[in-house]
Amino acid sequence: MLIGEVARRSGVSARMLRHYESLGLVQPSGRTGSGYREYSDDDIRRIFHVESLRSLGLSLREIGRALDDPGFEPSALVADLIHQTRERIAAETELLTRLRRIDAAEPADWEDVLQVVAFLRALGSKSAAARQRAALSLVDEVPVPVEALVEAVLRETEPNVAGALRWALARSGDGGTALLAEGLGSPVAAVRERAVRSLAEMPGAEATARLRVALANPDFVVRGHAALALGTRGVADAVPTLVDMIVEGRNDTDAADALSMLTSDTATADRIATRLIDRLAHDTTPAPARVRLTQALADIAGTTASAALVELSCDGDRAVALTAAYLLRLRHAG
Numbered sequence: 000m001l002i003g004e005v006a007r008r009s010g011v012s013a014r015m016l017r018h019y020e021s022l023g024l025v026q027p028s029g030r031t032g033s034g035y036r037e038y039s040d041d042d043i044r045r046i047f048h049v050e051s052l053r054s055l056g057l058s059l060r061e062i063g064r065a066l067d068d069p070g071f072e073p074s075a076l077v078a079d080l081i082h083q084t085r086e087r088i089a090a091e092t093e094l095l096t097r098l099r100r101i102d103a104a105e106p107a108d109w110e111d112v113l114q115v116v117a118f119l120r121a122l123g124s125k126s127a128a129a130r131q132r133a134a135l136s137l138v139d140e141v142p143v144p145v146e147a148l149v150e151a152v153l154r155e156t157e158p159n160v161a162g163a164l165r166w167a168l169a170r171s172g173d174g175g176t177a178l179l180a181e182g183l184g185s186p187v188a189a190v191r192e193r194a195v196r197s198l199a200e201m202p203g204a205e206a207t208a209r210l211r212v213a214l215a216n217p218d219f220v221v222r223g224h225a226a227l228a229l230g231t232r233g234v235a236d237a238v239p240t241l242v243d244m245i246v247e248g249r250n251d252t253d254a255a256d257a258l259s260m261l262t263s264d265t266a267t268a269d270r271i272a273t274r275l276i277d278r279l280a281h282d283t284t285p286a287p288a289r290v291r292l293t294q295a296l297a298d299i300a301g302t303t304a305s306a307a308l309v310e311l312s313c314d315g316d317r318a319v320a321l322t323a324a325y326l327l328r329l330r331h332a333g
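Going by numbering that gives the first Met the number 0, the sequence shown opens with residue 0, and the numbers climb by one from there.
No lab work stands behind these hints: they were computed from the structure.
What you are looking at is a predicted structure, and each value in this text was computed from that prediction instead of being measured.
All residues carry an ideal CB built from backbone N, CA and C; glycine is no exception.
Ranges of calculated distance between the beta carbons of each label pair, as one might list FRET restraints:
1) Ala208 / Gly315: 40 to 50 Å
2) Val187 / Asp41: 53 to 63 Å
3) Asp277 / Cys313: 14 to 24 Å
4) Val116 / Arg14: 32 to 42 Å
Make the full structure from the sequences, and use the hints.
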């Protein structure tokens with residue numbers, strides 16, 4: 000079969016077939032009387048073998064070794080190809096992610112594109128100072144790729160940088176709230192905490208709704224940060240968790256402050272006081288927790304809290320009684 004027919008049937012161009020011949024990879028078995036190359040059936044099979052190995056990513060030199068060296072072991076080469084392919088896929092995936100984020104930022108011109116690229120590069124810097132500068136300054140100059148900001152804040156371990164990233168994210172609008180909510184389900188506790196702390200600084204109704212959902216999170220730290228944020232927003236749903244925090248002794252001072260911020264009316268104040276009193280009376284509440292609960296009554300307005308402090312001033316636990324008596328004096332002085 001002449002080279003033109005071989006090219007037509009195999010899909011390999013005549014020029015490539017000549018290149019294979021120059022490398023000694025596929026040699027036509029014969030020549031016609033006019034000197035034209037003539038390929039046998041075995042030659043054509045070898046061409047298909049070459050093309051099959053090329054499709055796996057082997058170089059022509061590697062293909063020659065694979066076909067001509069009887070002692071050639073393919074396993075090591077295939078393993079190397081797998082490694083190279085994974086690296087290439089990772090690089091292409093990273094590029095795709097970067098392009099998607101640039102597109103999501105909706106740049107108006109090439110200057111915007113270049114600024115977004117610089118912003119993304121700074122966010123991924125190994126320098127904490129560079130990451131912090133990116134969060135504090137570039138956010139005012141470029142369209143913000145929110146997905147990149149969320150990813151950065153969820154992985155950031157440097158407290159100052161994390162604070163700057165949360166600030167930048169809060170200024171970017173509510174586009175990151177859904178992504179932060181996904182972070183609440185992370186298997187990594189630190190990521191869950193970063194997600195809820197970021198949500199706590201996000202303004203708007205959507206962030207508040209996500210924080211309400213977080214009150215049912217199995218992670219106590221997540222519930223606690225959500226409750227503190229909701230307390231400052233006047234959401235009474237946070238009360239049970241805030242009381243639990245006081246009992247557990249986790250951010251109990253902040254929890255008590257949040258409870259006091261929720262006492263905007265007499266009815267709400269009485270409900271909060273009643274919940275604190277119920278926990279004080281519970282048989283399983285330990286002595287240190289009863290002292291903390293008594294202290295929490297100090298900033299709860301209304302007659303229910305005052306009456307409870309009067310009764311607690313005679314409590315059998317001396318620490319509780321002294322605390323209640325002191326708080327009563329402060330209330331009377333006030």
